[in-house]
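Residue numbers (the numbering used here), protein chains in the order written: chain A, 1 to 380; chain B, 1 to 398.
Possibly wrong hints are sitting among the right ones.
What the hints assert, rightly or not - With a cut-off of at most 20 angstroms between alpha-carbon atoms, the simulated SDA-like pairs for lysine to any residue come out as follows:
hint : chain 1 : residue 1 : chain 2 : residue 2
1    : B       : Lys-388   : A       : Leu-5
2    : B       : Lys-388   : A       : Glu-291
3    : B       : Lys-31    : B       : Asp-361
4    : B       : Lys-255   : B       : Lys-388
5    : B       : Lys-62    : B       : Lys-31
6    : B       : Lys-180   : A       : Gly-340
7    : B       : Lys-141   : A       : Leu-279
8    : B       : Lys-31    : B       : Glu-15
9    : B       : Lys-52    : B       : Asn-2
10   : A       : Lys-267   : B       : Ala-181
No wet-lab data here; the hints were simulated from the structure.
Small disclaimer: the values here were computed from a predicted structure and weren't measured.
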Amino acid sequence: MDFTLNEDQQMLQDTMARLVRGEYDFQTRLEVEETELGFSEAFWNQLGELGLCAVPFPEEMGGFNGSGVDVQSVMTEMGRGLCLEPYRQTVILGGGLIAQAGSESQKNDWLGRIATGELKVAVGLQEPQSHYNLDDVETRAEGSDEGYVINGRKGVLIGGHAADLILVSARTSGDARDREGLSLFAIDPEAEGVERRVYRTMDGAKGCDLFLNNVRVDSDALIGTEGTAGEVIQYQAGRAVAALCAEAIGAMEESVNLTLEYLKTRKQFGVPIGRFQVLQHRMVDMNSELEQARSMAILAANVADDEASVERNRTLSAAKNVIGRSGQFIAEQAIQLHGGIGMTWEYSLSHYAKRLIMINHQLGDDDFHLERYVSLLEAG
Amino acid sequence: MNMNYTADELAFRDEVRSFLEEKLPADIAAKVKSGRRLNRDDHERWQQILSKQGWYATHWPKEYGGVEWSAVQKHIWDEESNRYGAPRVVPFGVSMVAPVIIKFGTGEQRQYYLPRILSGEDWWCQGYSEPGAGSDLASVKTRAVRDGDHYIVNGQKTWTTLGQHANKIFCLVRTNTEVKAQEGISFLLMDMDAPGVTVRPIITLDGEHEVNEVFFDDVKVPVENLVGEEDKGWTYAKYLLTYERTGLAGIGNSKAALEHLKGIASRQRKNGRPLLEDPTFAARVAQIEIDLQAASISNLRIIASVEGGGVPGAESSMLKVRGTEIRQSISDLARRALGPYAQPFPEEELQDGYEGDYLADPHGAAVSPQYFNLRKLSIFGGSNEIQKNIVSKMILGL
């Protein structure tokens, strides 16, 4: 067993870390957040030019054939920089769905352009009633002569406001919350009947809800076989969960470092506050939570690309459960140990805290993944 | 022992309810219930209504225009006013500086300041914390130097809540650097519009402007604005803090917030059913409800044990810790109830007169900002760690 990165993996991590450090300091991030686009086009282009958007794709698609561990390196650094670019949506989830289920021509059309950063993708798997259950799909796609007519609403598409292509799940058969009968479609955001309600998010990103009113798509907009997208979605959501875990580690490491530094320098009652035992123990707890989370993020990265299995899914739920809880603990305690200054907009810590809390709201919180873990135990 | 209200107390509760039904402006209650930020006018309107009713200064002696409610009456008011969506009374004037002026001020100070607080003419803010003096409040550095019949004040205060609206500030200032930290502090009343006072907003993580920095640059303050004796301000400061802590348990507010949470959870869905019927979520809600019930009775017990309508001492620290933990847990659950929709911040839904569709829930937009905003509860008014030190020392003798 070996927990160290190999030479290529180390190089990738160094590249990404250097890029974020150099191009995405906290002031830049605050400015990027304020822009209309909500992320940096320039930084996104750099990710593309440096080949970072190509990491997980097969070589024949212009990719690097990277593993979950490679994705982990990229995502951890994005978490450290609080980067707002739609990498997870486009490269991991969008690209993953197309790579797994897409036809040859769909892959040829889209994956190459995703790998260069040319194409930005958003993915709509949730709905207002679904909570975190990705099988709970009320959006319907009815077959027609030339293709399908889609009606429904998809919720909280991060990056959906600026996407060139939007992937959505829709029900082509089956009952409410059946995994069977789900299909995946590619939607042109500019198509007739597509409306977006755009908003900013608590953690500084931008996204939208997607309203589909009699949206007509050709049959080649269907990705994969009709009615079989449920398992594909589960699998790719699992990869995205691993990516989120990695991103959370970057944000947690920064939160822990900032807090530790603060305990050593902030003086009250004539001594650094790190001299007070109650704060020492709290800091130790934060550090332990980080270690627990790091272990599970590593585990998640290592199983993310395994063949679909109950065990893989259970491991990914375990990881997301740990990250959700430790992320909240670290976010809340980092603010508490800083006091008022930890609550200010102009200090980076509060933004890490917001990102960590919101990661718990992406693809399932700790409660959801605990329940899923239990149900998968029963299934196993 | 009898845990029921007496006939008089029940009559009082009815009186409070009819007052709230008749006099609490519907637009203000709607704002409070949906977690929208109140503006200056909202606060002032409510203050005027309370003042007219004679219910603004609930704990002042009657001779100064107070009501002298009993502990139970205050508890009834806390519960009912929160239930109806009445705003929290901005405490800095009526509940913080006023008790200090009443107990330690001169006759002239009482005659001048108290009526102006009752009428709403003065809006007070608090000049306690400094960049280097948070939990260690006695280390204040803002300097006041006597110069004839004035003090010249230089320094900086921070976390000044709603200071942008205030025309008065009460400050802890250092008047003596030769003695122990606690012994060289004085309690000074100052005008916010005096030359040399500058207010700078601090934007918090939820994007709100609620707190400020206040800078003093050679500000001239007449010596008659000193409260009590020079260098004895620490005693007055601590007296004020016990008043501050008593209100911070926020039991009535937590009860209202719990009902609010249940409303959201009954409208949100999970697996085709209301989230409130989901076993996992229902158990989380129930656990908080139980803890809140216990805290509510503790609150009542401790307040009732104080004779003569005064304020409890170190016990209020215990209530502050428990009360704020519970309030934060409720805001955590409200955020969880929204699921993926905790992420969007559709700010337009918080504007006055918004008539569009709600993205997730009529009360959804304020939920996540409020969760982050309420992190302050365990920090301000003496952090919960400091409160535990007080309990440990003063109650347990450790």
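Against the structure, the hints come out as follows:
no.	hint	verdict
1	Lys-388(B) to Leu-5(A)	violated, 45 angstroms
2	Lys-388(B) to Glu-291(A)	violated, 28 angstroms
3	Lys-31(B) to Asp-361(B)	holds, 15 angstroms
4	Lys-255(B) to Lys-388(B)	violated, 24 angstroms
5	Lys-62(B) to Lys-31(B)	violated, 32 angstroms
6	Lys-180(B) to Gly-340(A)	violated, 26 angstroms
7	Lys-141(B) to Leu-279(A)	violated, 25 angstroms
8	Lys-31(B) to Glu-15(B)	violated, 24 angstroms
9	Lys-52(B) to Asn-2(B)	violated, 34 angstroms
10	Lys-267(A) to Ala-181(B)	holds, 15 angstroms
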